[in-house]
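Take a look at the letters that make up each chain.
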Amino acid sequence: MTAPTAGSTTATAQRLLADLPPSPAVWCEGLRKRYGRRTAVDGVSFTVGRGEVLGLLGPNGAGKTSVIKMLLGLVRPDAGEVLLLGRPARDPQSRARVGYLPELFRYQPWLSAAEVLTLHVRLSGAAVPASEQRDVLGLVGLGERAGDRVGGFSKGMQQRLGLAVALVARPELVVLDEPTSALDPLGRVDVRDLVLSLKERGVAVLLNSHLIGEVERVCDRVVILDRGRVAAAGTLAELLGSRELRLRLDGVDARAEARLAATGRLTRSGNWFTVTLAEDEESAVPALVADLVALGVGVHAVEPGRISLEERLLAVLREGSGAPS
Amino acid sequence: MSAVRTVLTLAGLTLREAARRKVLRSLAVLTVLLLALSAWGFSRLDAEFGGLTSGEARLAASTVLNLVMFGFSLIAALGTAFLAGPTLSGEVESGTALAMLARPVRRSTVLVGKWLGLVAFGGAFVTLAGLAQFVVVQVTVGYWPPQPVTGLALLAAQTAVLLTLGLLLSTVISPMASGVVAVGLFGATWIAGVVGGIGDALGNEGVARVGAVSRMLLPTDGLWRGAMNAFQDPSLLTQFAPELGGSPFFSEAPLTVTYLGWAVLWVVVVLGLAGLAFSRRDL
Ligand SMILES: Nc1ncnc2c1ncn2[C@@H]1O[C@H](COP(=O)(O)OP(=O)(O)OP(=O)(O)O)[C@@H](O)[C@H]1O
Ligand SMILES: [Mg+2]
Chain A
1 MTAPTAGSTT ATAQRLLADL PPSPAVWCEG LRKRYGRRTA VDGVSFTVGR
51 GEVLGLLGPN GAGKTSVIKM LLGLVRPDAG EVLLLGRPAR DPQSRARVGY
101 LPELFRYQPW LSAAEVLTLH VRLSGAAVPA SEQRDVLGLV GLGERAGDRV
151 GGFSKGMQQR LGLAVALVAR PELVVLDEPT SALDPLGRVD VRDLVLSLKE
201 RGVAVLLNSH LIGEVERVCD RVVILDRGRV AAAGTLAELL GSRELRLRLD
251 GVDARAEARL AATGRLTRSG NWFTVTLAED EESAVPALVA DLVALGVGVH
301 AVEPGRISLE ERLLAVLREG SGAPS
Chain B
1 MSAVRTVLTL AGLTLREAAR RKVLRSLAVL TVLLLALSAW GFSRLDAEFG
51 GLTSGEARLA ASTVLNLVMF GFSLIAALGT AFLAGPTLSG EVESGTALAM
101 LARPVRRSTV LVGKWLGLVA FGGAFVTLAG LAQFVVVQVT VGYWPPQPVT
151 GLALLAAQTA VLLTLGLLLS TVISPMASGV VAVGLFGATW IAGVVGGIGD
201 ALGNEGVARV GAVSRMLLPT DGLWRGAMNA FQDPSLLTQF APELGGSPFF
251 SEAPLTVTYL GWAVLWVVVV LGLAGLAFSR RDL
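Heads up: the protein sequence lines correspond to chains A and B, in order.
Using this note's numbering, the first residue of the first sequence is number 1, and each one after it goes up by one.
Using this note's numbering, the first residue of the second sequence is number 1, and each one after it goes up by one.
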């Protein structure tokens, strides 16, 4: 028990800590919030890993925005715990590396776009040079308007500014609440590319959107909220699971039909045959086509397909509310 | 350390807001109007009495100066109260607060920053307008108040008290309402002070207590009376004390240190309450 031993123990402990996987970008458990008599959020728990893109889906009033506001300390939860980047959310410093685009985006109308960014950089405590701030404005397509007052911006321009604000202070977690609600089609594509580039740089993203296609393209995992509860959660593959194969065939006889049925569940409408494949069975497709041709079947079209996230979402929500009582 | 930076950043932002919004322009217009009006009034006064040699003339000048300074304190009150309200609840209502408060800042720190900015703004206005008024009085009738610095400091303190109240109100009610209520309370304490003065003059303790109590509840009127005392000619007191007892624009005694201490404590407590209310609020 001499000093050097103690020192090396500390060093070992530090090495052990450094080797630990970094704490998740968001960890929350048992979040609950009531507004008056209405329960808005009822026991929501989920995690966003470092560098992961998590989609938050659900119908209007499901509690998505309320959950996001509780994560960021804007709304006081009635119960539940939140850790942001490994720190309890009670500590404002937990938000030092968090960027946020609110659903209701408004910025000081008497400031210019560049001044808004400077203000946010200063509040975040980061040291971001002016040139980098200008680059971020350029990234969201406002490079030309840096010196103009925000009060004169269109709605979509204000949302673009909001994106820049969320990105400017070198965040490790970016929370976007309906980031494309006011954007033109080009802007939506820009946001998609932006999120993908954040993912590439290892920045975690929590994305709330009603545009399911957007979510499906960029998200690693999805949490579906319904009436304040988590109705479903998982990776896209887990949620969407089975793939399917649509074929347009003619001359299908009993043997060919048996061959098709052997691959997976078979449904037919006219000339179109749909085979549901189990996960990771795409490799069975070439053999199936070869066999069908050998059986004398005319193969006109082969289309791989997948249950869309939209269908899945609708199914989850119908299941939740559909049970007739 | 970072808290200090946040406070200064927000104080600067608030000053910039005041400068870029229409508040400053309307304040400037009102001030110039009042200055011009008072210059005309004082020159008429001078012509009437032919110099400030007689006691009556000095009394008139002193009273009118206090009246005009009251006008300034009213302008400062209106200006800061209508700036304090929107700056907090307006930002919450519009959503501007969402992005800012999601930064690594404590809400109470943000509040103190805004408060500091508003105090600086109100103080600067009162000082500039008050000095301009002194110059007007000096040029027109040759009167210079005995304690200009103390008086202006007390006026600035009065503005600070009122805008602290405005901030507290704006954490709980809507922006316009908070401005209206703050100015209304300001007026009510002033009237209560006048009523109390009349009670004093009549030797009616019950009525006099109205002024004393309201001066404790909201220290604006007490500070204003201290400011008046610093502006008026002290020789008037010995000469005219009996007649002036009930006058709303004459103050018999300077402020006590105890009362100043109470005013400071009042501001700290109300600002603390505002911070607490703001921290607990859902955005
Ligand atoms: N400030 C508030 N006061 C009262 N009720 C509220 C408040 N904010 C949210 N709610 C309620 O909480 C529930 C969830 O609202 P929330 O804004 O989180 O929904 P959301 O999932 O974001 O919906 P949307 O897709 O429409 O944005 C709703 O029933 C709403 O009425
Ligand atoms: Mg929402």
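Worth flagging that the hints you see were computed from the coordinates, not collected in a lab.
There may be inaccurate statements among the hints.
Said to hold, decoys possible - Label-pair distances were calculated between CB atoms; the ranges are:
| hint | chain 1 | residue 1 | chain 2 | residue 2 | range |
| --- | --- | --- | --- | --- | --- |
| 1 | A | 154 | B | 25 | 47 to 55 Å |
| 2 | A | 154 | B | 265 | 32 to 40 Å |
| 3 | B | 144 | A | 87 | 31 to 39 Å |
| 4 | B | 33 | A | 61 | 50 to 58 Å |
| 5 | B | 261 | A | 201 | 55 to 63 Å |
| 6 | A | 156 | B | 16 | 20 to 28 Å |
| 7 | A | 182 | B | 21 | 44 to 52 Å |
| 8 | A | 87 | B | 8 | 42 to 50 Å |
| 9 | B | 19 | A | 61 | 47 to 55 Å |
| 10 | B | 180 | A | 235 | 53 to 61 Å |
| 11 | A | 35 | B | 12 | 32 to 40 Å |
| 12 | A | 104 | B | 276 | 37 to 45 Å |
| 13 | B | 25 | A | 235 | 32 to 40 Å |
| 14 | A | 210 | B | 273 | 37 to 45 Å |
Claimed, not checked - Short, incomplete list of chain A residues facing chain B, as computed with Cβ under 7 Å:
| hint | residue |
| --- | --- |
| 15 | 122 |
| 16 | 126 |
| 17 | 128 |
| 18 | 129 |
Note that the coordinates shown come from a computational prediction; the quantities given were computed from them, not determined experimentally.
Heads up, the beta-carbon is just placed ideally off N, CA and C, and yes, glycines get one too.
Status of the hints after comparison with the structure:
no., hint, verdict
1, 154(A) to 25(B): 47 to 55 Å, "violated (27 Å)"
2, 154(A) to 265(B): 32 to 40 Å, "violated (49 Å)"
3, 144(B) to 87(A): 31 to 39 Å, "violated (60 Å)"
4, 33(B) to 61(A): 50 to 58 Å, "holds (52 Å)"
5, 261(B) to 201(A): 55 to 63 Å, "holds (56 Å)"
6, 156(A) to 16(B): 20 to 28 Å, "holds (26 Å)"
7, 182(A) to 21(B): 44 to 52 Å, "violated (25 Å)"
8, 87(A) to 8(B): 42 to 50 Å, "violated (25 Å)"
9, 19(B) to 61(A): 47 to 55 Å, "violated (41 Å)"
10, 180(B) to 235(A): 53 to 61 Å, "holds (55 Å)"
11, 35(A) to 12(B): 32 to 40 Å, "holds (35 Å)"
12, 104(A) to 276(B): 37 to 45 Å, "violated (25 Å)"
13, 25(B) to 235(A): 32 to 40 Å, "violated (58 Å)"
14, 210(A) to 273(B): 37 to 45 Å, "holds (40 Å)"
15, 122, "holds (5 Å)"
16, 126, "violated (10 Å)"
17, 128, "violated (13 Å)"
18, 129, "violated (17 Å)"
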